[in-house]
Amino acid sequence: MTGAPVPEPGNSPDTPAGAPGTSPAATLRPARPQWRETLSLLLHNPTAAVAGVLLLLIVVVAVLDDTFAPEGANDISVADRLQSPSWSHPFGTDDLGRDILSRVILGASVSLRVGFLAVGFALVAGTLIGLLAGYYGKWVDDVLMRFMDMLFAFPAVLLAIAVLAVRGPGSGNTALAIGIVYTPIFARVTRASVLGVREEVYVRASRSVGASDWRLLTRHILPNAAPPIIVQTSISLAFAVLAEAALSFLGLGTQPPNPSWGLMLAEGRGYIELAWWLAFFPGMAIFLTVLCFNLLGDGLRDALDPRQRTLMAGSGKAASGSAAVGGAAVAGDAAVAGDAAGSGGDR
Amino acid sequence: MSGDPVLEVEDLRVRLRTPRGPAEVVNGLSYTVGAGETVAVVGESGSGKSVSVLALLGLLPARVATVTGRALLQGEDLLTMPPERLRQVRGPGAGMVFQDPMTSLNPVLTIGRQLVEGIRAHGDVSKSAARTRAAELLREVGLPDPEKALDRYPHELSGGMRQRVVIAIALSNSPSLLIADEATTALDVTVQAQIIDLVEKLQAEHGTGVIWITHDLGVVAGIADRVLVMYGGRCVEDGTVDDVLERPAHPYTRGLLGSLPDLAAPAGPDGEVPELTTVPGLPPPPTDLPPGCVFWPRCPVRADPRCETEQPPLAVVSRAAAGATASGALEEGSRLPHRAATWCTEGGQG
Amino acid sequence: MNDRSASDVLVSARGLEVHFPVGGRGLRGRGGGVLRAVDGVDLDILRGETLGLVGESGCGKSTLGNALLRLVPPTGGTVTFDGADVTSLDRRGLKEMRRRAGMVFQDPFASLDPRRTVAQTVSEPLEVHGLRSGKRERAARVGELLELVGLDPAVAGRYPHEFSGGQRQRVGIARALAGEPDFLVCDEAIASLDVSVQAQVLNLLRRLQRQLGLTLLFISHDLSAVRHISDRIAVMYLGRVVEIGPAAAVGRDPQMPYTQALLSAVPVPHPAQERARKRIVLTGDVPSPSAVPSGCRFRTRCPYVFEPCDDVDPALHAAGAPGQLAACHLHGVVGTPVTRTPEGVTADP
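Line by line, the protein sequences are chains A, B and C. No gaps in the numbering here: position 211 of the first sequence is 211 in full-length UniProt numbering, and each next residue is one more. No gaps in the numbering here: position 80 of the second sequence is 80 in full-length UniProt numbering, and each next residue is one more. No gaps in the numbering here: position 34 of the third sequence is 34 in full-length UniProt numbering, and each next residue is one more.
Incorrect hints may have been included.
When the alpha-carbon atoms are kept at most 30 Å apart in a straight line, the in silico DSSO-like pairs for lysine-lysine are as follows [claimed, not checked]:
| no. | chain 1 | residue 1 | chain 2 | residue 2 |
| --- | --- | --- | --- | --- |
| 1 | C | 95 | A | 138 |
| 2 | B | 201 | B | 127 |
| 3 | C | 278 | B | 201 |
Bear in mind the hints are in silico, worked out from the structure with no lab data behind them.
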């Protein structure tokens, strides 16, 4: 009963005794996909659900930016410059008379694209490195992880600036730079998770029937090591959006006149006393997106935690600190008994 | 087995809120534990045997558990006691030993510190006096070199030695009741034998009442005076250890005994050991107990029409039904009744 | 052990050692000791028999079971499986051996991947070894296997958490049988099950062993269960097999003092017998496998210890019933004299 994921009580674990006479063909398809369960758990958490819906909206807006934006991003109208928010320009206009709402909407696609590209790069590279390091251990682990440590030891912004200095500014390179900075984080998270999963009995069981390393890695270790990686992805997206804003703010990311939230923030800085809306709305966009990614990350952490599954449903967070509840799936009292044992024992 | 009982439990009921609805985990349990007496509570996982004692000591989370009934520990009702009083009672009144000694020991504190804390929490003792007492206790539970052991950490001891320490802590305030919940399950048989000897010796010296919760009927045969067999949150059979194990009256008890491989079982004429009789199926989940006799869905007998609809009460077993031999004659009065909750009146089968 | 023809023996170990380095990973790898989990085991497992392997926790019985299947790499000695040297198998040979030798694990809650359905778990060996081509054939085979272990094929699409311990263990057995193995290692396969469920699984294993002509290595600390299911019993102590023989003989008349003590400590569910029983209570704890006593490894706890025990490491030799072997000087001093080197005492030549 050690370290076993606490089983989520099934709907009704009936007692399938041998049923001679029935057709022996078994369906290989799962009765109920696990991602659906995760989703339903996530939707039961109001904060995460709201964050998820908001993010979905932001993404939809970013994808369909041309349809949503009332004006072009670079439609200059000197006559309308620095207008405060009004019905015709809900977010106001900037120093060149460009509609800020349109630029925030169009900037969303730039910011999010850079964010997704960067995190996508870090996710693939970091997960691969972490998987190999964690699974093979020994010198593979030493070599890969020391290299990651070196990357990690660099101040993140400095590293990104260095990459951009070599490759030149632009949103693609910004994504690459941020991706490189985040790779060690994913490598570490993945490795830590793999180290735990690698020792699971079911991995040994799978090896005992002759499964290859590749099969173990792809079918057993990665899926079971995934939850913390998924959570990290969500949280990193938030930081990537921030990083893109920071780099653009420094003039190294997206180049004018293209809209990006960070760049708009930088441009609006000079007018902060004269026209607060120039910086305020892109700032709010960054704030909202980052907040939503973080909240979603927290929600995912809970929804993907198998321990959480037993507890969320009924008894709340009764079982603090006693992870080794295990117990028989049928024994409804086993879980509670284990908790009480855990809390009562250390008087 | 003389004088007032140490513990008197009457109609104990525990209901838990679970994700799958309310679960009747313990349904009307009554028993007494006399001074110096050992009562074994036997059952499989989910039978409610552990929950029933955790409930007595208020160790179930109040949010999810509703406990009713009466449980008098030396005349004081544990179930209506204010929490502070209950905390006071837990040490000197009732000590507990769990299956995994590591859950009861704090890994970052030395053995000595944990013992001393336990002793001083329930009495006005100086530190040095408590330490002397701690060393004495360790000697009593058979730890070699107790003075040195006081400065050791739990991980430096073997499983058997750790369990001895836990017993020492449980006994540090000379409780009138000791509850052992699967205390030897995780130990090897040779170590288990040592621990059982130890508990029997200490019990004889201090007159402690013992509740021994286990699934191992072999251990029960060795240690218990009385046995209580639990199934589906109910006591389905109780009586003296000889009555219950040698003349089981409930089909479940019989099934349980039949499913034990016997070390001494003689091989058949062809050198074959006969196949074990098993109890088919699984125990019912406490959220979904059958309407009639709790054992009905798995019962091989089912002789009575009431089995399916009505829970049989715990009734004294007629000797014929239990298949008692002439030598097992009933000495009226002094002996405990042998009771079983079953509609089966026939012996045999099972 | 020598009078059997080679074709009777399916699995055989000679001088098998599994040593793990422990502690002090200093700069030059010094300071650490060696944990002798398996320390010179000679063992023959006969075709079609059930060999019970008993011993207390830490005696190395699980490591031995894993080493026989090369799930733990042996550090010394040889293992042969059906005549082939397991320790030198190439990738393909190893894969084929893994098909022919299955394993059932102790904890049915940990041995099934929680994210894979019963069908995916059971069909893994089929996919790995290409035993059934096509999804439909595999599904049919999974259904057969589930029926074989007493589960309803309709549950194939469910996840492990929906099952009880006994049912999960049946799934684990079905997985181990999917490759149509000759040899099945059950590593404490009933230890974490309820009593009545233990009996169900014991009966199932016995039935399968007969029905499929399996060779079974049944590893357990539960002497009664081992006695019940085994044809022969091997007893391990501190990394070594110290007694082996027909189950009835070892159960009735053990020749090694350790086996005697072990048997006498097993409680039986008969109160009168229990009260009358004379237990041989061993003093002290099992020594650490990283500090194995020289000479006879049981001498620190043995009630009969006498002079040669210090100096001669006893070998298994005939004692008691026909086919029964014990590593004990009480039955004649046979074994390897202890050599004393400047670094200390070593039992190995």
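Right, here's what the structure says about each hint:
Between residue 95(C) and residue 138(A) the alpha-carbon distance is near 24 Å, which keeps this suggested pair within the 30 Å criterion. Taking the CA atoms of residue 201(B) and residue 127(B), the gap is about 28 Å. The hint holds against a cut of 30 Å. For a cut-off of 30 Å, the pair hint linking residue 278(C) to residue 201(B) stands: about 16 Å separates their Cα positions.
Of the hints listed earlier, there is not a single one the structure fails to meet.
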